[in-house]
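As given, the protein sequences belong to chains A and B, one line each in that order.
Quick note on my numbering: the first sequence kicks off at 10 and runs consecutively.
Quick note on my numbering: the second sequence kicks off at 10 and runs consecutively.
Treat the hints with care, as some may be off.
[As the list claims (entries may be wrong)] Some chain A residues well away from chain B (every beta-carbon gap over 10 Å; in silico):
#1 Lys16
#2 Pro39
#3 Pro57
#4 Glu65
#5 Ala73
#6 Val76
#7 Pro96
#8 Tyr138
#9 Val141
#10 Trp152
#11 Asp154
#12 Arg160
#13 Arg198
#14 Ala201
#15 Ala209
[To be verified] When the alpha-carbon atoms are kept at most 25 Å apart in a straight line, the in silico DSS-like pairs for lysine-lysine are as follows:
#16 B:Lys16 with B:Lys31
#17 B:Lys144 with B:Lys86
#18 A:Lys31 with A:Lys54
#19 A:Lys129 with B:Lys54
#20 B:Lys11 with B:Lys54
#21 B:Lys16 with B:Lys188
#22 A:Lys144 with B:Lys31
#23 B:Lys144 with A:Lys54
#24 A:Lys11 with A:Lys86
#25 A:Lys144 with A:Lys188
#26 B:Lys188 with A:Lys144
#27 A:Lys86 with A:Lys129
Because the hints were derived from the structure by calculation, they are not lab data.
We treat Cβ as the ideally placed atom computed from N, Cα and C, and that holds for glycine.
Number of protein chains: 2
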Amino acid sequence: MKLYDTKQAPNPRRVRIFLAEKGIEVPLVPVDLASAQNRQPEFLKKNPMGQVPVLELDDGTLIAETVAISRYFEQQKPEPPLMGVDPLDRVVVEMWQRRMEFKLWTNVGSAFRNTHAFFKGRIEQVPEYGEVCRKAAIDALPWLDAELAGREFIAGARYTIADITALVSLDFGRVLGIKIPPELGNLSRWYAAVSSRPSAGA
Amino acid sequence: MKLYDTKQAPNPRRVRIFLAEKGIEVPLVPVDLASAQNRQPEFLKKNPMGQVPVLELDDGTLIAETVAISRYFEQQKPEPPLMGVDPLDRVVVEMWQRRMEFKLWTNVGSAFRNTHAFFKGRIEQVPEYGEVCRKAAIDALPWLDAELAGREFIAGARYTIADITALVSLDFGRVLGIKIPPELGNLSRWYAAVSSRPSAGA
Numbered sequence: 010m011k012l013y014d015t016k017q018a019p020n021p022r023r024v025r026i027f028l029a030e031k032g033i034e035v036p037l038v039p040v041d042l043a044s045a046q047n048r049q050p051e052f053l054k055k056n057p058m059g060q061v062p063v064l065e066l067d068d069g070t071l072i073a074e075t076v077a078i079s080r081y082f083e084q085q086k087p088e089p090p091l092m093g094v095d096p097l098d099r100v101v102v103e104m105w106q107r108r109m110e111f112k113l114w115t116n117v118g119s120a121f122r123n124t125h126a127f128f129k130g131r132i133e134q135v136p137e138y139g140e141v142c143r144k145a146a147i148d149a150l151p152w153l154d155a156e157l158a159g160r161e162f163i164a165g166a167r168y169t170i171a172d173i174t175a176l177v178s179l180d181f182g183r184v185l186g187i188k189i190p191p192e193l194g195n196l197s198r199w200y201a202a203v204s205s206r207p208s209a210g211a
Numbered sequence: 010m011k012l013y014d015t016k017q018a019p020n021p022r023r024v025r026i027f028l029a030e031k032g033i034e035v036p037l038v039p040v041d042l043a044s045a046q047n048r049q050p051e052f053l054k055k056n057p058m059g060q061v062p063v064l065e066l067d068d069g070t071l072i073a074e075t076v077a078i079s080r081y082f083e084q085q086k087p088e089p090p091l092m093g094v095d096p097l098d099r100v101v102v103e104m105w106q107r108r109m110e111f112k113l114w115t116n117v118g119s120a121f122r123n124t125h126a127f128f129k130g131r132i133e134q135v136p137e138y139g140e141v142c143r144k145a146a147i148d149a150l151p152w153l154d155a156e157l158a159g160r161e162f163i164a165g166a167r168y169t170i171a172d173i174t175a176l177v178s179l180d181f182g183r184v185l186g187i188k189i190p191p192e193l194g195n196l197s198r199w200y201a202a203v204s205s206r207p208s209a210g211a
């Protein structure tokens with residue numbers, strides 16, 4: 010088994026944190042995005058989307074998409090559960106994981122793609138849309154702060170994949186000037202807690 | 010149990026098709042998006058995102074997000090399986106479901122939101138970005154056609170949630186002038202097959 014990985018993009022970090030929480034070690038194969046290695050024919054055979062991460066199983070099966078890869082490991086090694094502890098909790102975690110994707114992850118990612126120099130010439134950028142997304146991510150923070158008033162983690166009393174998505178979104182958002190305002194006490198408390206877990210260094 | 014629903018948006022149709030394939034009937038509660046009923050305080054208590062569909066269980070538990078609602082029913086009534094038949098297949102289906110979301114669903118949805126009169130004054134529209142997304146959805150069609158050369162459905166030999174996401178994306182895309190070119194024979198064959206299932210009328 011091997012995981013095609015890069016430190017140059019945030020999606021692979023979501024998987025590395027997930028693996029660190031599970032205590033699973035997988036050999037990493039670095040893919041260099043700066044030289045567009047992910048757009049070369051050899052890599053496109055692994056994932057026609059040209060994206061990392063990609064998990065390659067020993068029988069050659071290729072699994073792309075961060076959440077699908079995460080679910081593979083959740084099934085292989087259920088403890089500690091990061092995607093729910095019972096059928097209803099699995100659904101609640103999925104709801105929150107998707108809310109974090111739509112409110113934070115997608116907005117931060119679209120802001121980066123549409124405004125950052127890295128994507129100049131790689132995609133058709135629309136900076137005005139990037140700014141709309143940057144504001145939308147910032148606007149989501151007070152809402153998330155209020156949600157966290159009643160519970161320790163985003164999907165409830167346990168650390169889950171929803172926390173990983175939110176943490177990586179906010180860390181990545183710093184390059185766009187997105188910061189948690191100190192007056193958002195619940196969100197600041199949550200961020201300090203998830204950032205101090207050893208997995209955050211993954 | 011009840012499902013907050015509307016015919017005015019495509020996400021609820023994804024759940025209705027899922028339920029029709031499962032043979033599950035759930036009482037529907039219509040939510041009128043035209044009069045912004047989804048933005049009223051009463052509905053925001055059901056889903057702070059202001060979006061349909063939302064599933065309300067008999068004990069008052071509220072589940073939002075189309076794929077989370079779908080997973081609830083997949084767990085409640087596994088047959089016929091729409092999210093995978095075994096652990097590895099579940100991961101493969103999730104990969105394809107997400108690819109359909111990123112390549113078709115998100116692009117069609119962003120094109121609609123950023124260009125259509127319905128969203129004028131409701132959100133900050135960036136028509137230039139909408140056009141980028143419309144083109145991206147159209148550009149994905151030959152790729153999907155090639156993928157379908159070797160198999161009957163999007164995630165393999167069985168109809169799954171990935172087919173539902175792709176079907177609803179393409180039907181919704183018609184309002185933006187997105188059509189399957191007749192020379193894309195595999196995609197046309199797939200589209201005819203999934204459209205002729207009774208569930209497509211849901």
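Structure-based check of all given hints:
Look at Lys16 of chain A: its CB is around 22 Å from the nearest CB on chain B, clear of 10 Å, so calling it non-interface holds up. Against chain B, the non-interface label of Pro39 of chain A holds: every CB pair exceeds 10 Å, the least being about 22 Å. With 10 Å as the threshold on Cβ separation, the claim that Pro57 of chain A sits away from chain B is violated: the shortest Cβ distance comes to roughly 7 Å. At roughly 13 Å, the least C-beta separation between Glu65 of chain A and chain B is larger than 10 Å, which holds for a residue marked as non-interface.
The non-interface label for Ala73 of chain A is inconsistent with chain B: the shortest C-beta to C-beta separation is roughly 6 Å, within 10 Å. At the 10 Å boundary, the C-beta of Val76 of chain A falls inside the reach of chain B, the nearest C-beta of that chain being 7 Å off. The Cβ of Pro96 of chain A sits about 4 Å from the closest Cβ of chain B, inside the 10 Å cut-off, so the non-interface label is violated. With a least CB separation of 4 Å from chain B, Tyr138 of chain A falls inside the 10 Å interface cut-off, contrary to its annotation.
Separation of Val141 of chain A from chain B is inadequate, the least Cβ-Cβ distance of about 5 Å not exceeding the 10 Å criterion. For Trp152 of chain A, the condition that its CB be more than 10 Å from all CB atoms of chain B is violated, with the nearest at approximately 7 Å. Every Cβ of chain B is farther than 10 Å from the Cβ of Asp154 of chain A; the closest lies at roughly 13 Å, confirming the non-interface assignment. Against the 10 Å criterion, Arg160 of chain A stays outside the reach of chain B, whose nearest CB is about 14 Å from its own CB.
Separation of Arg198 of chain A from chain B is adequate, the least Cβ-Cβ distance of about 20 Å exceeding the 10 Å criterion. Taking the minimum C-beta to C-beta distance to chain B, about 24 Å, the non-interface status of Ala201 of chain A holds against the 10 Å cut. Interface exclusion of Ala209 of chain A from chain B stands, the closest Cβ pair being 24 Å apart, more than 10 Å. With a C-alpha separation of about 20 Å, the suggested pairing of Lys16 of chain B with Lys31 of chain B holds against the 25 Å cut-off.
Distance hint between Lys144 of chain B and Lys86 of chain B is unfulfilled; the C-alpha atoms sit about 38 Å from each other, more than 25 Å. Among the hinted pairs, Lys31 of chain A with Lys54 of chain A is inconsistent with the structure: their alpha-carbon atoms are about 29 Å apart, more than 25 Å. Restraint check for Lys129 of chain A and Lys54 of chain B: not satisfied, since their Cα atoms lie roughly 42 Å apart, outside the 25 Å limit. Among the hinted pairs, Lys11 of chain B with Lys54 of chain B is consistent with the structure: their alpha-carbon atoms are about 15 Å apart, no more than 25 Å.
This hinted pair checks out: Lys16 of chain B and Lys188 of chain B have alpha carbons roughly 21 Å apart, not beyond 25 Å. Using a Cα cut-off of 25 Å, the hinted pair Lys144 of chain A and Lys31 of chain B is violated, with the two alpha carbons roughly 40 Å apart. Taking the CA atoms of Lys144 of chain B and Lys54 of chain A, the gap is about 24 Å. The hint holds against a cut of 25 Å. Proximity of Lys11 of chain A to Lys86 of chain A is assessed by CA-CA distance (about 16 Å); at most 25 Å being required, the pair is judged to hold.
Simply put, Lys144 of chain A and Lys188 of chain A have alpha-carbon atoms about 12 Å apart, close enough for the 25 Å limit, and the pair holds. For the suggested pair Lys188 of chain B and Lys144 of chain A, the alpha carbons sit about 33 Å apart, so the restraint of at most 25 Å is broken. With a C-alpha separation of about 40 Å, the suggested pair Lys86 of chain A and Lys129 of chain A falls outside the 25 Å cut-off, and the hint is violated.
Hint violations for this structure: numbers 3, 5, 6, 7, 8, 9, 10, 17, 18, 19, 22, 26 and 27, all remaining hints satisfied.
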